[in-house]
Amino acid sequence: MKPPRSRVAHPFLNPWMPRRAPAPGRKSLLVLFFRKELSFVFLLLLAIPALAQAGEATTGLGTRLTPSDLAGVFAIPPDGAGLPAGRGSVAQGQVVYASQCAACHGGALQGSKAIGAPALIGGRGTLTTKPLKTVESYWPYATTLFDYVKRAMPMGAPGSLTNDQVYAVSAYILARAGIVPEQAVMDAETLPRVAMPNRRGFVSQQ
Amino acid sequence: MPAQEIENEAACNCKEGMFPQRRRFLFGAGTAAATAAATAAALAGTLAPARATPDVPADPTRVPGRATGQDGGYGARSPFETARRILGPVPNSETTWTFTPLADQIGNLTASGLHYERHHAGIPSIDPQRHTLMVHGLVKEAKRFSMADIKRLPRVSKRHFIECSGNSGGAYQNLPLKTVQVSHGLLSTSEWTGVPFAVLAREVGIAKNAAWVLAEGADAAVMTRSIPMEKMMRDAILAYGQNGEAIRPEQGYPLRLVLPGFEGNTHIKWLRRLQVSEKPFMTREETSKYTDLMADGIARQFVFTMEAKSVITFPSGEMKLPGPGFYEISGLAWSGRGRVRAVQVSLDGGATWHEAGLNEAPQPMCTVRFTLPWRWDGTPVRLQSRCIDETGYVQPTHAELVRARGVNFYYHYNAIYPWTIAADGSVTHEAA
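So the sequences go chain by chain: A and F.
First residue of the first sequence? That's 1 in my numbering, and the numbers climb one at a time after it.
First residue of the second sequence? That's 1001 in my numbering, and the numbers climb one at a time after it.
Don't take every hint at face value.
[Said to hold, decoys possible] As a list, the in silico BS3-like pairs of lysine-lysine whose alpha-carbon atoms are at most 27 Å apart:
no. : chain 1 : residue 1 : chain 2 : residue 2
1   : F       : LYS1289   : A       : LYS130
2   : F       : LYS1279   : F       : LYS1208
3   : A       : LYS113    : F       : LYS1289
4   : F       : LYS1231   : F       : LYS1320
5   : F       : LYS1151   : F       : LYS1231
6   : F       : LYS1140   : F       : LYS1151
[Stated by the list, open to error] A short list of chain F residues far from chain A (calculated; beta carbon distances all over 10 Å):
no. : residue
7   : ALA1058
8   : PRO1064
9   : PRO1091
10  : GLN1129
11  : ARG1341
12  : ALA1351
13  : ALA1422
[As the list claims (entries may be wrong)] The following residues of chain A were derived to be distant from chain F, with all beta-carbon distances above 10 Å:
no. : residue
14  : GLY178
15  : ILE179
16  : ARG193
Since the hints were derived computationally from the structure, they do not count as laboratory data.
Think of the CB as a built atom: it goes at the ideal place given N, C-alpha and C, for glycine as much as any other residue.
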């Protein structure tokens, strides 16, 4: 018995659909040939827009950032790119330190095991024995000090210091570490030029 | 070093679980009085006062069970199950860590509520409606993506371990890490779901000279790490799913970076910003921390990959085997360089090794559970496992590791970690 022809399927819509149902027990080679040819062409046609999409086109998701969106963010690399305006002296830093830092890091910048605040200075020459890693003995870049203090300190009110205060307290810590002189002033020009004692102490694995 | 009490005896799950001996004084030797008390308790045969037993009928087939829906629509584990994370020995609760109870972990995945934690300024509370990810720097078009945008992008789901590079770090100096929770519990495995960075990269267009990406979190530490672009493009995932649901707040809700095989600190949680650059930024965490100090005073930097490692979780430290007989040795093995190829177990202190069974086909940068059937004859024995990954790397011994790295390396400790079983069945770690 001849199967009824589908009203929906059509060779042009569905190339796997034979144009004419083959008689039972006898497959038309011609039909098969056309089917293969058609499916190949059909797949190519399908692939063209997909390939085009895989090229330069994007989904269009996300919104374009404006300069004001990025006004509040920062990350300061060793060359000082992105350091803000402002400046601070060692003397000014001493005042900031006393009110913002000393409670945890101690009056002598020695840190506190009881609170969990690390020592900020000392430890030079200990790296091959019993290491005391501090800004003085270990940190390779002064820019990191500015970045970290501005980003995450003081612990109870991170991000609350002004740029002048961060420059000043950086100057104070570096002076107490014996890295910069007492009359030093830190700003976007001077901070990246500070020569840290352990600058050559690292080898990158990348 | 003063002993740190993890939890009080009443909260100890000594009644069930895998034969725990006692769960106190994990970080130190303990005071003489405490040791005497523990000994007395052990002698008395009662390891801990009985914990309040959940209300159960004599025969649960004779009374209807509790009504459906009383859990508020989100199920909880059985009240008999008490495995929990424990706090690291740090005074400041905002900048501490918790250990996954690996001895209690069943299978290969870590329950989300037991995933280890490491926080640098507490766990932030973030509204996903307001949270966005900014991608900028060396890109053609800097963009901001809402969580809704991110969830519309093509996603992947992959199982990966995350291990803190400080995991087992105390072992360099033979500090007393008595249980596997404390010695290896800064390791957890989850199925992570999210958008590959490579997909997002196409949305913004990466400049040709781009080589690094700074990832920044939205916590109070505003955590930052510089990641090589090659890694970001290869397999980095911006993940919002963990084990079939949204990432837990402790794990970075609503979005975290997952870098398969890289040290845990680089998997920035609460991810809010990616800045594409030519060079690394030399942030605090990649200079003053997470750098590996060698014996000559020089530190290795950007050591990202967690090497092949394994540990036996049963039997393990502070457990007590009830007597000779059959046990299945079981543990976890993993490698940040790819798949685990094989795990070997030694029952004689490392003289001979037996091939352990792997419970499933190992996935890249994912743990795999291994097992070995074993009949204990009741004599003292030293058990240890070693992992061999698909690069052919063989997990080293403690002596080999210290010879190569010194004792001040601290991070990336991956040596073999043996357990000694005494004639009375008690299990301890004896420093090599």
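task = Determine which of the earlier numbered hints do not hold for this structure and return their numbers in increasing order.
result = 4, 9
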